[in-house]
Each structure stands twice: as C-alpha cells, then as structure tokens.
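Chains as they are written, first to last, in the working numbering: chain R, 1427 to 1538; chain V, 5 to 119.
Incorrect hints may appear among the rest.
Said to hold, decoys possible - Straight line, CA to CA, 25 Å or less: simulated SDA-like cross-link-like pairs of lysine to any residue:
id, chain 1, residue 1, chain 2, residue 2
1, V, Lys61, R, Gly1488
2, V, Lys61, V, Asp5
3, V, Lys22, R, Lys1475
4, V, Lys57, R, Asn1524
5, V, Lys7, R, Gly1469
6, R, Lys1487, V, Thr9
7, V, Lys75, R, Pro1538
8, R, Lys1487, V, Lys61
9, R, Lys1475, R, Gly1488
To be verified - Below, a sample of chain R positions facing chain V; criterion: calculated Cβ distance under 7 Å:
id, residue
10, Gln1468
11, Leu1470
12, Asp1525
Stated by the list, open to error - Footprint (simulated), chain V over chain R, 3 or more residues, beta carbon under 8 Å:
id, region
13, 1502-1508
14, 1527-1537
Since the hints were made in silico from the structure, they are not lab data. Note that CB positions come from ideal geometry on N, CA and C, so glycine has one too.
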Amino acid sequence: AQSVTQPDIHITVSEGASLELRCNYSYGATPYLFWYVQSPGQGLQLLLKYFSGDTLVQGIKGFEAEFKRSQSSFNLRKPSVHWSDAAEYFCAVSRWNNDMRFGAGTRLTVKP
Amino acid sequence: DVKVTQSSRYLVKRTGEKVFLECVQDMDHENMFWYRQDPGLGLRLIYFSYDVKMKEKGDIPEGYSVSREKKERFSLILESASTNQTSMYLCASKSVEGGLNQPQHFGDGTRLSIL
C-alpha cells in the first residue's frame, strides 16, 4: 500500500541555518510527490511537486527537494531558514485514484 | 488562484447534534476531498468525490456522510456528533486535467469542538 513516512516529528533550527526535512515513501509505480506547508491556523499551501524529469525541484519561498529513487526519499531543503518558515510541513504522494497519502508532518521551530 | 472556502473557521456543537461543514471551490474542479487533521496523525481522508453526486469512502468514514449536489460544493455531515470527532477538518479540491501531477488545493480549515 502507498504510504509516506516523515521520521522527524519536530525539528528546531536557528535562523539562518540550513534545513533538511526527511520524507520516505512506499509506492510501487512512479510516485507523484508533493510538499505542503501549514502555518498555524491555516490550510495547506503547496511548496513544490515532483513527477518526472530533473530530480532536484525548486519551489516557492526558497525551498527545494531532491527525489532519490534508490532511497525512496524526497527530502525538503532550504539553505537559510527565516523565522517566518516556522510551520508544519507535510510530504504527500498522489495515488492512482487521485487521492493523496500524507505523512504525519514535521513541525519546524526557528530559534532567533 | 484557486479558492477553496470553508464556511466556518471555528465551530462548537453538542454531543448528538447533526453538524454540517460546508466547502465551496471556485475553479470548476471535479475532485473534492474532506480530511480530518489530528496531532501526530497527519491528514486522514474521510470521503472524496469524483464529480457531482459521486462519492467514495476514504480511510475513516465512520460517523460521517457527504453530499455533493453541485460541482462547486461539497458538504461533510456528522450524523450524530460525538466528542471523538473534535478535530480540525480540511476541505480540498483538485482538477483532473493533467492527471496525478495536479496538487490538491486546501481551504483554511474548520476547527470543530464537540462538547
């Protein structure tokens, strides 16, 4: 069955430091992968997506993600974190019937 | 930009009440979804709809029903609310054009408390 695992429930980084959020997926065919961000009290906003081609994809707000088929991973990165990046981040995979499987989320705290 | 509007941001209801959560999208999307979000569990799919009058059960449909009489509107119904249905509810819509590559677009959520 398709599934998504985000191993880190909570991550704290200092402002200006680099960030990597991990995501592992389980999917038999070519995965369609997404990262979303949720600010407190808000819905989910799409950061970026991957379905084929270049394995390094660029998104909004300076985020990027790298697809590694051999590791079944789709990790999200940002070179320098800003205080406004504090939020919850969700990795998701699109299923054959158009619905999505979401990971449990990683909450990011940014220290001044 | 796609806009998905959920009728209430916060809602407080009593046990046993019938509760309606409404969701409207303005992009003529075929697919619409209802999720509930609980800490540590991520988003869990309650129901989704491929098109008008069509619905499919998701992972946790028990205690819920849905209605989609018009393409732009997807309603979630708690037939007899219970305290374990206290949660954040998120609605989403998606175009089928472009296939699985298309993202889902989310509303701001309804935080529902059942007392």
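Results of checking the hints against the structure:
1. Among the hinted pairs, lysine 61(V) with glycine 1488(R) is inconsistent with the structure: their alpha-carbon atoms are about 37 Å apart, more than 25 Å.
2. A C-alpha spacing of about 28 Å is found between lysine 61(V) and aspartate 5(V), which places the hinted pair above 25 Å, so the restraint is violated.
3. For the hint pairing lysine 22(V) with lysine 1475(R), the CA-to-CA distance comes to about 38 Å; that exceeds 25 Å, so the pair is violated.
4. Distance restraint check for lysine 57(V) and asparagine 1524(R): the Cα-Cα separation of roughly 17 Å lies within the 25 Å cut-off, and the hinted pair is therefore satisfied.
5. Taking the CA atoms of lysine 7(V) and glycine 1469(R), the gap is about 11 Å. The hint holds against a cut of 25 Å.
6. Only pairs whose Cα atoms come within 25 Å are accepted, and lysine 1487(R) paired with threonine 9(V) is accepted, the gap being roughly 24 Å.
7. For the given pair, lysine 75(V) sits about 46 Å from proline 1538(R) by alpha-carbon distance, which is inconsistent with the 25 Å threshold.
8. Annotation: proposed proximity of lysine 1487(R) to lysine 61(V) is violated, straight-line Cα distance about 35 Å (limit 25 Å).
9. Between the alpha carbons of lysine 1475(R) and glycine 1488(R) the distance comes to roughly 14 Å, so the proposed pair stays at or under 25 Å and holds.
10. Restraint check, glutamine 1468(R) versus chain V: the minimum CB separation of about 6 Å is within 7 Å; hint holds.
11. Taking 7 Å as the C-beta contact cut-off toward chain V, the hint placing leucine 1470(R) at the interface holds, the least distance being around 4 Å.
12. Interface restraint check: aspartate 1525(R) against chain V, minimum CB-CB distance 5 Å, threshold 7 Å, status holds.
13. Figure legend: the region 1502-1508 of chain R, annotated as covered by chain V; annotation inconsistent (0 residues with Cβ-Cβ distances under 8 Å, at least 3 required).
14. Coverage of the region 1527-1537 of chain R by chain V holds [criterion: at least 3 residues with CB-CB distance below 8 Å; count 4].
When the structure is compared with the earlier hints, violations turn up for hints 1, 2, 3, 7, 8, 13 and for no others.
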